[in-house]
Structure formats: structure tokens, C-alpha cells
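Put together the whole structure using the sequences plus the hints.
Residue numbers (this note's numbering), protein chains in the order written: chain A, 1 to 298; chain B, 299 to 659.
Don't take every hint at face value.
Unchecked claim - Some chain B residues near chain A, calculated using beta-carbon distances under 10 Å: (1) G367; (2) R421; (3) S618; (4) Q620.
I should point out that these hints are in silico values taken from the structure, not numbers from a laboratory. Cβ atoms here follow ideal geometry from the backbone N, Cα and C, with glycine treated the same way.
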Amino acid sequence: MSGLLQLLVSGLALGAIYALVALGFVVIYRASQVFNFAQGEFVAFGALMMVSLHAEGLPWLAAVALSCVLTGLLGALVERVLLRPLVGRPVFVTIILTIFVGALLRAGMTIAWGHELRGMPTPWDTMAEVQVLDAQLLVNSLGAMATGALVLGLYFVLIRRTRMGVAMRATASDQEVALALGIPVGRVFGATWFLAGALAALAGIFLGMYPRNVDIHLGFVALRAFPAVIVGGLDSAMGTVIAGILLGVLELLCQGYINPHLGEFGKNFHAVFPYFVMILFLMVRPYGLFGSREVERV
Amino acid sequence: MPTRALVTSYAQDLALFPDRWHRLGLVLFSALLLTLPWVADPRWLSVSNLALVAIVGSVALMILTGFAGQISMGHAAFLALGAYTTAVLGEQWALPFWLALPAGGAVAAAVGLAIGPFALRLRGLYLAIVTLGLVFLVNHMLLTFSDLTHGVSGIAVPMVTWFGAEASATDFRSATQWGGLRVVGDQKLYFLFLALATGAVWVGKNVQRSNTGRAMMAVRDQDLAASVLGVDPARTKVTAFGLSSFLAGIAGGMFALQQQYITIEPPFDLNMSIEYIAMIVLGGMGTVFGAVAGAVALVALSPLAEIVGRQLPLIERLSSAQQSTVLFSALVLAVLVFEPMGLLGLWLRIKRYFAAWPFRY
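What follows is the structure, encoded as C-alpha cells:
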């Protein structure tokens, strides 16, 4: 029983992180139909920035805020310099562009930060645990869950209640009409990339906490967040959040209960399990849980 | 160089070498390719071998992505299947390489045909991510079937039994007499690879100019219209997947021969898929010329990157693999932003300049 609770909580924490990363993909995709493969590098950049800023002596909260802002600005810069000239070109081209932007960012981070592993600073004791019933729960996991819930709530308020949110939804529904109605579509693109960068940085900060470490490969988590985006539906924020949390929990449950029964094949099976779920799921629902169904005639 | 002669028949339009200039070019180019292994030093010979492997792989991806428009990020999985099938068949059952290599292609094609039906329901990004998942799933399989593949420790490709000369040969680098010519080590591979790459290019070109290829391009450009015109999109997509993965499997087998000892990750990871995508983008989408040019350019870039990378500040801190990644990423970004047609676009511009000379246009 305590094992199950422990797995559930760390699964939910992982799921919250997947949801933050996946939400970053969806925010950009909805506004500009670009699938940002450099999202993982934003995650790593945010986490590394956080470690460095905190080492400079900034208080924890200020360092979190500043690294989110800096990562967001990096995202906006990438959009303005590299993606803006490609507006109107095939989807394929922008995908490839972001893949190589990611490769360049990774190289840049290697130059700036090197390869060594770093510990992520936390405001509480790094390995603090709380006793709930008879399970030991990491405070880090609880923090990730709480932050995830808070940020996702804020996001939905932003998208429903603010001017910028309405502009984003208008751009998502039809770029040309939005432009004709006087919505600054260029600025909306910039804002979505900023938002995606900030979400990624936050995900990176919580992902890097004990029991994990921070290094330039932290961004590979984005590869594991892809299934969440697809299962949830590429253009549904709610869907990806739900799918992200579900897949996080499923992954840890798989690690706890399925891996040991598969023998040799079960080694690290949980790492590919989200992809497994994704492929099975797509057989049934090709546009994910809540993705908009396109009309198909062939 | 004169401009192309007036085309008066379909046969003329379809001809691979329509006029005497193309034929002259073919003769000169083959002469160059055939003398290369005797002129180049061993380092560049192995680079050319890798380039020939990359040509087969990128023609394969070009058929799927360039012609049929199905974005695949799972190319590395097909190469891995080809490479491991070839190596395992050679190591465990001592099959000759001319059987093991096509068997690698066949296994990859079987998986490709199984993945093909996904493309019937998924489009664009959804397909890209599913094929990305294929890389992880295939690599997980290869890692866990360690009875055959030896898991993480990798597998040796039996080059000695395949390419050793006589019974006394200790390694495959010993010389063989081929009718008066003395052929050594990598040179043997070079000729084998040259034949295979020529075959792949020929297949690619023939697909492009036959109705199979025209159907693929119709599906890529407008599948509804294609379907109305009597093209079966389902069959076309599955054909593209089968053909592409077969060639990719062959390329994987060739890669195994070239490396002589292969492991799973690296090289068969997401980076390899990305490199192949870079090749076809850099070369120019939708043409066989683009696949070949992109493959040669990217492979030749990595040794060049090592030379250039040492001179640049900051970049010198990276490992040599990362240096070449940085340089080709920057190159691909520049091509995407400034020359959408890739190397093909450059080549057309150069040709047009000389065709119109001494006028500007």
C-alpha cells in the first residue's frame, strides 16, 4: 500500500513536469502551427540558468523567476530571428529548423556549462521527506505537483480572461482573420514562445531536483513528453495536461509493477512505455483525446 | 554548355541521359569514381565509403519524405534493423554477406510495411512522432534480445570471413588479386558500395519517373485530388514505406560492414534520423540529385569540421562529433532560411548562369 502511494505521488510529480513541457508545445503549436523540437533544450537551459543564478547568491524565488524570464526571452529571440522569416513555408521546414536550433543550443550550453552534473537548489532540505500514512514522500515531488497545478491554473486564467489570451485564441483559430481584425499576430507569436520558454524553465527546475541531477542532457525529457502531446491531441491544452499527468503516473506504475514481470525485456521498459501507450492509443483515436478532428475524405 | 535540346517524344523526355553532354559527363564521372580508391589516401577512402552508405540511406528517405511526403523521424530504426540483421546473420549463422545484406533489407522492409498502415490514419506531425517512437521501441528490442545482439556490448561484423582473401589472411585488409589488379581492404568495400549506391540511385530515379513515383507525388501534393484521379493513397503510402525501409535496411547493412563493429546507441539514435533529414533538406527536397548531393556534402563536412573546428574560438572546446554537429546545424539553418531548394537550387543557379552567359538572364 505504501509502495503504491509512493509510486502514485512520484508519478503525479513526473506527470506534472510532462504536463508543463507538453503545454509549452501546445501553446506554440496552436498559435503558429510550429512543433518546437527545441523545447527540451529550453528545459535544460532553464534548469542550468537556475543553478547558476542561485550560485550567484540570488534568493531562491527570484532565481526561479529570473530563469523563467531569461528562458522565455531566449524562446522569443529564436522565434523572431529564425522562425519569422519562414512564416508560410511548409510545416516540415519549421520542424527541421527547430531540430537544428535545438542542436545549436545544446552545443552552446556545452560550451557555457560543460558536462558535469549539478544539484538543483531547493528552498527546503534537498532530500526532505514527509510521512503520510506509512509512505515516505519527497517534498520535491509534492512541490512539483503543487507548482504544476498552480501554473496550469494560471495558464487557463490567462488564456480565458486576459486580452493576450483572447488574442492567442483568435490567432489559433484563424491567423489571417486575426490579422485583419487588428490583432498583432507577430507579437502573439513572440508571446507564445516566451510562455513556452518560461513553462519549460519551470519544468526543468523541478525536473532537476533530487533524486535527479541537472546537466545538459536534462532536455531529453522533452522526448518523453511527446507522447503526452500526441495522446492529448496536438491542439488541446487541456488534453495534453491530462495526458501528461496520466502518462507520468502510468510510467511509474509500469516501472513498479510491469517491469519485474517481463524478465529481460522489462529492463528499462518503463522508458519506452509512454511510446507504447501512444501507438496503441493512436490506433483507436488518431487525433488524440481532445485534438480537433480534421475532415478527411481519403 | 548548350541548353537542353528540344524534346520531341516521351522516350526522350524520360531518358536518363538525354544528350551527348550528359553521356560525356557520365563517362568522365564514372572514370573519376573508378580511379578514386587508388588515388585517395585511406582516410578519405573511408569517408567516401561512408558517403556511399549515406547515399543509399538518403535516397531511401527521399522516396518516403521527398516523393510521398510522409515525414519520418524513424529512419535510424530501419538502419539499425538492417545493420543488426546483417551482423547477426553473419556472426551467428555464418551467412555470406551477399545473402545477409538483402536479408537486412527484407527485415527492415517487413517492419516498414507494418508501420505503413499507421500512415493511412495519421498525418504530418502525428506520423513524425509515431516514427520517432519507433526508434525508441526498436532500440529497446535490440538491447533486450541480447542473446542475438549482445545488448550494449555490441556485435562484431565477421569481415574476415567475408572479405579476407585466402585462408591465411589474418584480417580482411589483405590484398586480393582481381584479374591483375591488387585490391586492399577498404577498396573492396568501396567497389561493393559503389555498385549498391549506383543501384539505389537508379531505383530512386526510376521510381521518380515511373507511375509509382508520380502517384507518390500526387498523394504528397494533394491526396484528395490524387484519389479522385484513381490513385490509391493507401497503396501508394504503404509502397513508399516498404521501398524506403528496404533501402534503409541495405544502407544499415552497409554501415555495419564499414564500421566492422556496431553498437546500438550511438549511432542508431535520433541524431542519425535527424542527420538523414538534414541531408535531404540540404540537398533539395523531392529529387534524387538532392539526396545524393546532400549525403555527400554532409559526410564530407564532418572531417572538414574537425579541421575548421580547431581554429574557431569556443567551438574548439567541443568534442569533434559536436563540432561537426554545430557546423552542419548552422549550415542547414542557413540553407532553410536563404536557399529553400538546397544544393539543387545552387546547382540550378550555376547552370543557368552558364547557359545564359554572357548575359545575366
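Next on the checklist: Under the constraints set out in the numbered hints, which ones does this structure not fulfil?
Outcome noted: 3
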